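> Here the working numbering is used: the sequence shown runs in plain steps of one and ends on residue 326.
Hints listed in this document are in silico derivations from the structure and should not be mistaken for laboratory results. Some hints could be false.
[Unchecked claim] Below, a list of computed lysine-lysine pairs in the DSS-like style, where the Cα atoms sit at most 30 Å apart: (1) K315 to K15; (2) K119 to K20; (3) K94 to K119; (4) K124 to K94; (5) K164 to K178; (6) K298 to K94.
Bear in mind the structure is a predicted one, so any value in this text is a computation, not a measurement.
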Amino acid sequence: MPSKDIALKDIFEEVPHRLSKILSPAPIKELLPTALPSTELRVDFLARLEDESILHMEFQSFNDANMPWRMLRYYTAIAEKYKTHNIKQLVVYVGNEKLRMKSSLKIKNLVFKYEILDIRQIDCKVLLESPDPMDRLLACLCKVEDEVHLIEKLIKTMESMNEEERKDYLLKALTLTELRPNLRIKLTEEVKPMPIVVRPEDVKLPKRKLKKDPLYKLGLEEGKKEGEVIGIEKGRQIGIQEGKQIGFQEGKQIGELEFAQKMVITITEDKLGYVPEDLKERVKDIKDREFLHALIKKLINSEKVLEVLKEELNI
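Sequences and hints are given; from them, build the entire structure.
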């Protein structure tokens with residue numbers, strides 16, 4: 012699972028006060044388990060509303076042609092568990108590209124519909140004025156006309172936090188703004204003076220984005236000075252004891268392999284809505300990075316994920 016998806020789920024577990032009111036058709040009564048029994052499916056957000064209906068939300072960072080089928084699978088699994096409740100479904104699109112996904116599925120004997128909202132339809136000012144720090148964090152993904160003002164609000168929010176809270180908040184902001192590259196660059200520059208240590212395991216990026224990422228460059232710069240901190244996953248084995256150069260090379264190799272293995276699982280789960288049986292163990296046994304990179308490209312570009320897995324991994 013991409014780190015931005017994890018960040019979004021973590022944020023919504025705290026139920027952002029103002030955004031939840033915008034997205035939910037009724038006040039939220041309680042959060043429900045996201046794992047659905049008798050299936051391997053897990054949804055992003057599930058809650059019981061005060062009108063006793065069930066709200067299901069998915070956070071989508073790219074245009075997925077299979078989204079209607081995924082939402083249908085989720086719907087049937089939720090309906091099986093909550094048989095007497097009205098179910099409301101919403102896909103919250105947080106990607107940077109133009110929204111192109113459909114919100115319905117029409118086949119013989121079935122018409123299925125759900126709602127889609129591009130989060131950029133929401134003015135960030137609405138969330139920035141909220142007293143809830145999570146609302147202000149999610150403002151990064153909304154319609155932003157004044158990036159300087161937004162960053163100032165985020166920094167001011169962090170001022171009242173302790174060190175661990177500040178670090179967690181900043182990492183979530185940096186992770187979410189992977190989806191808004193220009194904002195991420197400006198945010199990274201503004202937080203440079205802040206006394207926060209970003210360690211290797213904290214932020215992960217795909218290899219193609221690694222060298223261009225401002226946080227990575229910042230991490231390398233600080234690592235050269237102190238030999239203690241590196242920006243992201245590729246150099247996570249670096250340490251003073253191992254020596255900067257040796258640590259970097261070893262960490263880069265280990266990090267790339269582990270990252271590639273995780274990406275295969277993540278992309279598969281994103282596209283299918285579940286992880287096929289034995290896939291994790293099969294991928295864990297693969298030590299050929301080039302093979303994994305080729306497999307990742309095929310999974311990203313193919314609409315027939317199961318066929319790719321069968322052909323390449325015999326699953």
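> Each hint should be assessed against the structure and marked as holding or not.
A quick look at each hint next to the structure:
1. K315 to K15: 24 Å, holds
2. K119 to K20: 35 Å, violated
3. K94 to K119: Within the cut-off at roughly 24 Å; holds.
4. K124 to K94: Holds. K124 to K94 sits at ~18 Å (cutoff 30 Å).
5. K164 to K178: 16 Å, holds
6. K298 to K94: Given that 30 Å is the threshold and the Cα spacing comes to 45 Å, the pair is violated.
Hint check: violations occur at hints 2, 6; the rest are consistent with the structure.
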